[in-house]
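> The residues making up each chain are set out below.
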Amino acid sequence: MLDLALLAFVALLLMLGLKRPFLWVLTYIYIDIVMPQKIGWGIITSPSLKLSLVAFVAAFGGWLLLDAKRGGRFTARQGMIVVLLLWCLMTTFSAEFPDTAWEKWDWVWKALVFAAFLPLTLRTRLRIEAAVLFIVLAVGTIAINGGLKTVGGGGGYGALKLLVDDNAGIYEGSIISTAAIAIIPLALWLARHGTIFKPDWRVWTFTAALIFACLLIPVGTSARTGLVAAAVLAVLMLRSVKHRFLYAGLASLLMMVAVPFLPASFTERMGTISQHEGDQSASTRVAVWKWTIDYAKDHPLGGGFDAYRSNSFTYQTRVVTGEGNSTSVEYQTVTESGRAYHSSYFELLGEQGYFGLALWLVLQALGLWHMERLRWRFGKRAGPDGANAGRASWQWGLATALQQAHAVYLVGAVFVGIAYQPFLFMLIGLQCALWTYVKRTESKQTKAWARRAEALQPAE
Amino acid sequence: MIDIFTLALTHGLMALAALILVTRGDLDDDEAAPDAAPRWKRRVDQPTDED
Chain A
1 MLDLALLAFV
11 ALLLMLGLKR
21 PFLWVLTYIY
31 IDIVMPQKIG
41 WGIITSPSLK
51 LSLVAFVAAF
61 GGWLLLDAKR
71 GGRFTARQGM
81 IVVLLLWCLM
91 TTFSAEFPDT
101 AWEKWDWVWK
111 ALVFAAFLPL
121 TLRTRLRIEA
131 AVLFIVLAVG
141 TIAINGGLKT
151 VGGGGGYGAL
161 KLLVDDNAGI
171 YEGSIISTAA
181 IAIIPLALWL
191 ARHGTIFKPD
201 WRVWTFTAAL
211 IFACLLIPVG
221 TSARTGLVAA
231 AVLAVLMLRS
241 VKHRFLYAGL
251 ASLLMMVAVP
261 FLPASFTERM
271 GTISQHEGDQ
281 SASTRVAVWK
291 WTIDYAKDHP
301 LGGGFDAYRS
311 NSFTYQTRVV
321 TGEGNSTSVE
331 YQTVTESGRA
341 YHSSYFELLG
351 EQGYFGLALW
361 LVLQALGLWH
371 MERLRWRFGK
381 RAGPDGANAG
391 RASWQWGLAT
401 ALQQAHAVYL
411 VGAVFVGIAY
421 QPFLFMLIGL
431 QCALWTYVKR
441 TESKQTKAWA
451 RRAEALQPAE
Chain B
1001 MIDIFTLALT
1011 HGLMALAALI
1021 LVTRGDLDDD
1031 EAAPDAAPRW
1041 KRRVDQPTDE
1051 D
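As you go down the protein sequences, you meet chains A and B in turn.
Note that my numbering has the first sequence beginning at 1, numbered continuously upward.
Note that my numbering has the second sequence beginning at 1001, numbered continuously upward.
Next comes chain A alone, as it looks inside the complex:
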């Protein structure tokens, strides 16, 4: 039954795409994030159905054959994505573990190709908004589900069941915590500037509930990454909110009220953030990172996907027993092998070498920078009545939201290997699209003004 409903939904989107091919792009975004083929348990899970591939081909074919392509431009950042893709292909050919490397390549190439392609399709304001809406609702599907289950008491590290049983893609605890926090600014932007669902009490109620659910995800999954991400977002939002003091006051009040309600398992685990020596998960991270730095020295071009499998190291972890004066500290020796990177930056360094890491970093930094420039451009613009109209514009709002989402993701990425997640590359795609859109529409406006000014000048 569930399978049929999900299939009917995908079929509806595909059918509507016959009238407006852009909907196929949205279909792919939905399938890539929610992965309906993993939620169901009947026909939809059959590998021969290849939902994701169908949507991908439809989206690309629809654009290639049916779209007007007016105003779409290929930017430098899209070029960088293509170079990164080719570089990954090269390292996959020379990978140390070819089998698992090709397995990872299977989904990474799709994420990269789609990111390079997405901005070409997002050439109108409404399309950009529609893509943001689908990303928010798709991640929201998982977040609302996890939020409700957390309230119902189903949380715990690695214990929260989210729609899908395995830790596939975005469904892994730390990844969904980061992504759920990252969509909060985007959801707020939709509630403020949405034209598909225009701002009214229903939209705001849904947005408030969605944000609450997103904040519950780090609690439910007990992923420390999520808490760090939420803290970063809270600080970043100080930059963009209108009433800073009110916001800071409300945020601290909310935190004080919330802490007593947090489950003990959560507060205990979060307490380990500051004392990482006693924690095996944090100790391994540091050990893997050191190993990766040495590995890169031997393999400057990268070891291909999943190169971490060759690591093995012994380290000491501190265990404190007893209380008060009888406290004793013991050092235990732990040996582990094949530990994952637990950090996107080291994931890149180990798998794609110095060049891959540098390229990836420039790609991310340029995104933050471009959004900052858009914020400047619109932020200083005054309206006809002298009021600050720029900050009220949808472009300023979206640039801010995309920058915040991206920054939150990049901070979360310090602790989790999520360097190639499709969600990240969708954010990048949206940034490229907004950048191109503003450049195109603004230059058109400037030209129009110049023409008008010329016409108004008295003929001599």
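In case anyone wonders, no lab produced these hints; they're calculated from the structure.
Positions of the beta carbon are idealized from the N, C-alpha and C atoms, including for glycine.
Misleading hints may appear alongside valid ones.
Unchecked claim - Simulated coverage check for chain B against chain A, where a stretch passes if three residues somewhere in it have a Cβ under 8 Å from a Cβ of chain A:
hint	segment
1	1003-1012
2	1019-1031
Stated by the list, open to error - Quick list of simulated restraints, FRET-style, between CB atoms:
hint	chain 1	residue 1	chain 2	residue 2	range
3	A	F355	B	L1016	42 to 48 Å
4	B	D1003	A	S337	36 to 42 Å
5	A	A340	B	M1001	32 to 38 Å
6	B	D1003	A	F93	39 to 45 Å
7	B	D1003	A	V57	25 to 31 Å
8	B	M1001	A	L64	40 to 46 Å
9	A	A340	B	A1015	34 to 40 Å
10	A	T267	B	D1003	27 to 33 Å
11	A	S337	B	M1001	40 to 46 Å
12	A	E330	B	A1015	57 to 63 Å
Using the hints, position chain B against chain A.
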């Protein structure tokens, strides 16, 4: 139960958004009227350019 509720809620919203998008003129062209009504409705309520 929670699963069904969540899926119904967000998928319902996505389906509704898709239906709205199909009728919006400015999806493919920024300069088109955003509230371009579907053709059948336009014929009844609004005078078209040809009138």
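> Go ahead and decide if the range 32 to 38 Å is satisfied by the Cβ distance of A:A340 to B:M1001.
holds, 34 Å
> Between the beta carbons of A:A340 and B:A1015, is the distance compatible with 34 to 40 Å?
holds, 37 Å
> A range of 40 to 46 Å was offered for this pair. Does it hold for the Cβ distance of B:M1001 and A:L64?
Between B:M1001 and A:L64, where Cβ atoms are some 43 Å apart, the hint holds.
> Could you say whether the range 25 to 31 Å given as a hint is met by the Cβ separation of B:D1003 and A:V57?
holds, 29 Å
> Quick one: are B:D1003 and A:F93 within 39 to 45 Å, going by C-beta?
holds, 41 Å
> Is the coverage entry for the segment 1003-1012 of chain B by chain A consistent with the three-residue Cβ rule at 8 Å?
With 8 residues in contact (Cβ-Cβ under 8 Å with chain A), the coverage given for the segment 1003-1012 of chain B holds.
> Can you tell me if the segment 1019-1031 of chain B counts as covered by chain A, using C-beta to C-beta distances under 8 Å and a minimum of three residues?
holds (count 10)
> In this structure, is the beta-carbon distance linking A:E330 and B:A1015 contained in 57 to 63 Å?
For A:E330 and B:A1015 the Cβ distance comes to about 58 Å; the hint holds.
> Verify the CB-CB distance for A:S337 and B:M1001 against the hinted window 40 to 46 Å.
holds, 42 Å
> Taking the Cβ atom of B:D1003 and the Cβ atom of A:S337, is their distance within the range 36 to 42 Å?
For B:D1003 and A:S337 the Cβ distance comes to about 37 Å; the hint holds.
> Is 42 to 48 Å right for how far apart the beta carbons of A:F355 and B:L1016 are?
Roughly 46 Å apart at Cβ, these two residues keep to the hinted range, so it holds.
> With 27 to 33 Å as the target window, see if A:T267 and B:D1003 comply at their CB atoms.
The hint (27 to 33 Å, Cβ to Cβ) holds, given that A:T267 and B:D1003 are roughly 28 Å apart.
Figure legend: structure checked against the earlier numbered hints; every hint is met.
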